[in-house]
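Participant: Protein chains in written order, with this note's numbering: chain A, 1 to 609; chain B, 1 to 76.
No wet-lab data here; the hints were simulated from the structure.
Keep in mind that a hint or two might mislead.
[Said to hold, decoys possible] In silico DSS-like links for lysine-lysine, alpha-carbon gap of 25 Å or less:
| id | chain 1 | residue 1 | chain 2 | residue 2 |
| --- | --- | --- | --- | --- |
| 1 | A | Lys552 | B | Lys62 |
| 2 | B | Lys60 | A | Lys556 |
| 3 | A | Lys556 | B | Lys5 |
| 4 | A | Lys405 | A | Lys356 |
| 5 | B | Lys5 | A | Lys279 |
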Amino acid sequence: MHGWTGRILRVDLNRLEHSFQKLDGDFARKWVGGRGFASRILWEELEPGTDPLGPDNELIIARGPLTGLLAPSSGKLVVAAKSPLTGGYGDGNIGTTASVELGKAGYDAIIIRGRAPRHSMLVVEDNKVSVEPAEDIWGLDTFEAERRLRKTYGRFAGILVIGPAGENLVRYATIISQEGRSGGRPGIGAVMGSKNLKAVVIKGSGEVPVADKKELVKTATQAFRDIKHKPNYEFWMRQGTMMTVQWGQENSVLPAYNYSEGVFEASESMDGYAMERVKVTQRGCPNCNMTCGNVVLDEEGKESELDYENVAMLGSNIGLGDIRKIAVLNRLADMYGLDTISLGNTIGFAMEASEKGLLEEKLEWGDYERVRELIGEIARREGLGGLLAEGTRRMAERLGGEAYKFAMNVKGLETSAYDCHATPGMALAFATSPIGAHHKDAWVISWEVSTDRLSYGREKAAKVIEHQRIRGGMFESLVTCRLPWIEVGLDLDYYPRLFKAATGISMSLDDFMALGDRIYAQIRAFWIREYGSWDRRYDQPPAKWFEKPLTKGPLKGAKLDYTRYQGLLDHYYDLRGWDTRGIPRRGTLRRLGLEDVAEELDRIVGLSE
Amino acid sequence: MLRVKYLGHYSMVRGMRVEEISLDAPTTIRKLLEERLGDALDWDQTIVLVNGRPVSPDYKVKDGDVVSVMPFIGGG
Chain A
1 MHGWTGRILR VDLNRLEHSF QKLDGDFARK WVGGRGFASR ILWEELEPGT DPLGPDNELI
61 IARGPLTGLL APSSGKLVVA AKSPLTGGYG DGNIGTTASV ELGKAGYDAI IIRGRAPRHS
121 MLVVEDNKVS VEPAEDIWGL DTFEAERRLR KTYGRFAGIL VIGPAGENLV RYATIISQEG
181 RSGGRPGIGA VMGSKNLKAV VIKGSGEVPV ADKKELVKTA TQAFRDIKHK PNYEFWMRQG
241 TMMTVQWGQE NSVLPAYNYS EGVFEASESM DGYAMERVKV TQRGCPNCNM TCGNVVLDEE
301 GKESELDYEN VAMLGSNIGL GDIRKIAVLN RLADMYGLDT ISLGNTIGFA MEASEKGLLE
361 EKLEWGDYER VRELIGEIAR REGLGGLLAE GTRRMAERLG GEAYKFAMNV KGLETSAYDC
421 HATPGMALAF ATSPIGAHHK DAWVISWEVS TDRLSYGREK AAKVIEHQRI RGGMFESLVT
481 CRLPWIEVGL DLDYYPRLFK AATGISMSLD DFMALGDRIY AQIRAFWIRE YGSWDRRYDQ
541 PPAKWFEKPL TKGPLKGAKL DYTRYQGLLD HYYDLRGWDT RGIPRRGTLR RLGLEDVAEE
601 LDRIVGLSE
Chain B
1 MLRVKYLGHY SMVRGMRVEE ISLDAPTTIR KLLEERLGDA LDWDQTIVLV NGRPVSPDYK
61 VKDGDVVSVM PFIGGG
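Construct all of the structure, not just a fragment, from the sequences and the given hints.
Facilitator: Rendered as C-alpha cells:
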C-alpha cells in the first residue's frame, strides 16, 4: 500500500487497551481517507441513538493519502464523531504537525472509544501506545497544556488538546493544536472531554511509503511554484482570509448584529488593513507555502492568530469593531477551546434576545468587557454561560416563543460568517452542508455575487454541488487544504496527479466527484438514521433571512423568498438524485456502491425509486 | 468625480486603494479599468460593483458613482 500507511490504531479507553488493524485496500480506495473514512466508520460502528457524550461514541482522527506528504498545504487532518451539538455527523479539519506525525507513526486513523476512568492522555510513539495520566494538565487552557506537553515530548511532537470548554462539555468545544489551530466545530472537543481525554500526543519516526517518489517531488514542486506565481499571491501573504472583511462589506455579506445586516459601520477598524497595522508574524501548517495564520498583538499585548471567520463572528456580528479587542476574544476562545464561529453566534443571539427582553441579564451590542468575561463563563458553564454553552438551537428552545427566528443555525450548527439575505445560493450551501451550517463544503458567494445574485435558478444548485464535491469530497478525503485551489487558483488537475504519484492508483477528477457524492450520501444516511425520519425542513436556512429584510446598505430591503428557496432546494435534490424529502433514492445509493445503506435506510424511511 | 476602490491584489497593481477620477468624457467600466489595471485584470475572476451592485463591463460610469473592483475570493 502506498500513500496510506495501511494501518489503523484502535484505542479502547474503557479497558485501557489498544489494537492495530490492517487497513483494507478496497475500503481505502472506496473512501480514500479523512472524512471518507470517518463517515463510513461511524456508520458501520455506531449504534443508532448513541449518546454523543457517552463512552460508545467514537472519536476519529484521520489522515488521507496525501496528508503530510510533499504536496501543497498537506499538513491537515480530520477529526470526527457523532456531534453533541447537532446529533448528526460532525467533523472538522485542523492544520497541525500532528497530521504529519500520524503518518510517520504508521497510522491512517486513530479510532478512540470508551471513557478513561480518570483524566488521561493518549501517547502514540510509533508502535508504542499508552494511556497516561493527565491530572496535572486537566483544567489548564490549551496553550499552557500544550507548552507543558512540549517540555516532555519535544517541540516536534504532534499535539492535540482540549481546553476547559471541552472538559466541561460545551457543545461547540473544539480540539486545538499549536496555540490557535482549532478544528471540530460540531463539538468534537466535547466528545474528547467526555472520554476524559485531555490530549493526544503523536510522534513518528517512519515514512509513509509512496508509489513514485520522483513523480511526487516533480509534481509537487511545480505546484508549489505555481502557487507562488499566482497574481494574488503577494496580497494573500499580507492579509490571507482577512481580506474578506472588506470584500464582505462591499458585497453586503459581512454579518452584523446577529446577521441582521450585511454591512457594518466600523468594518474599516477590523479589516485586513487594520490587521496589518498590528500584525507581528505569520504562522502556517506543515508543507504550506501560502500560510494564512496572521498573528497580531491584541489589546492585552498578547499574540492572537486571526482569520476572517473569527474576526467577523467576534467582531461585526456582536457589534464590536476594534481589531485588537476582537483579537483578545479570539485568543480566549482558542485558549478555552471554543469554536469562534458558534461562540460569536451564541453571543450575538444572546444580545438580540436581551434587546428583545427575553433574557434577564442586559447584554449590550459591542460590550467588550462583558463579553470578555462571558467567554470564560461559557467555558466553565457558569451562570448565563451555561445557557450559551448549549448553542443557539437549544438556547432558542429554552427561551421559547419567537426566539427560534433569530437562532442562526442549520441542524443545530451555527452559520459561518456570511450573511445570506441576498445570496440564496450560499443559503442553500449552508442548508445542505453535511455537518450543519458551515462554509467549508461550498462557498459560492464569489460566483454568486458576480452573477444574478438574487436568483434561484438550477445553476445555483449545480454550483453548490460542484463545490461540495471538490471541497467537501475530494479535499476532505485526500486530506489536504483547499486554499491553494480556492484562494490563489491552483489548477485542480494537480490533485489526481499527486494522488497517482502517492498511491499508484489512477483516479480522475470525475472519480473524485463521484467520491464526493458517495460521502455525501453516506453522511446524509447517518443523519437520517440518527433522526429516525427526514424531510426538507432540516435543509432550511435560518428563518431570519426570510423574514427580516436588510435595513442598511445598497441591498436594503433584500431578504430570501421562501417559496423560491423551496424551488432551489428541489433542484438541488434532483441534481443529487435525492427525493423531495432530501433522502437519496434507491438507484442513487446503488450507483454509488451503497447497497447496504439503501437496505438500512429503506427500513427506516422507505426509499423512493 | 468618480471614486474607484481597488480591493485585494488590485490595490497593489494600481498602487493605491482608492482613486478619484474626473471624467472628461463618458466611458465604460471596461475601458476605465483596463486602462488602469492592464493585463493584471482578469475579467473571469473579477467582480465589479457600482454603488454596491454588480454591473457588466459595458456599464457606462457617471459622476458620483463609486466603483469597487475586486478579485474572486475563496472564503476560506
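Participant: Check each numbered hint against the structure and report the violated ones by number, ascending.
Facilitator: none
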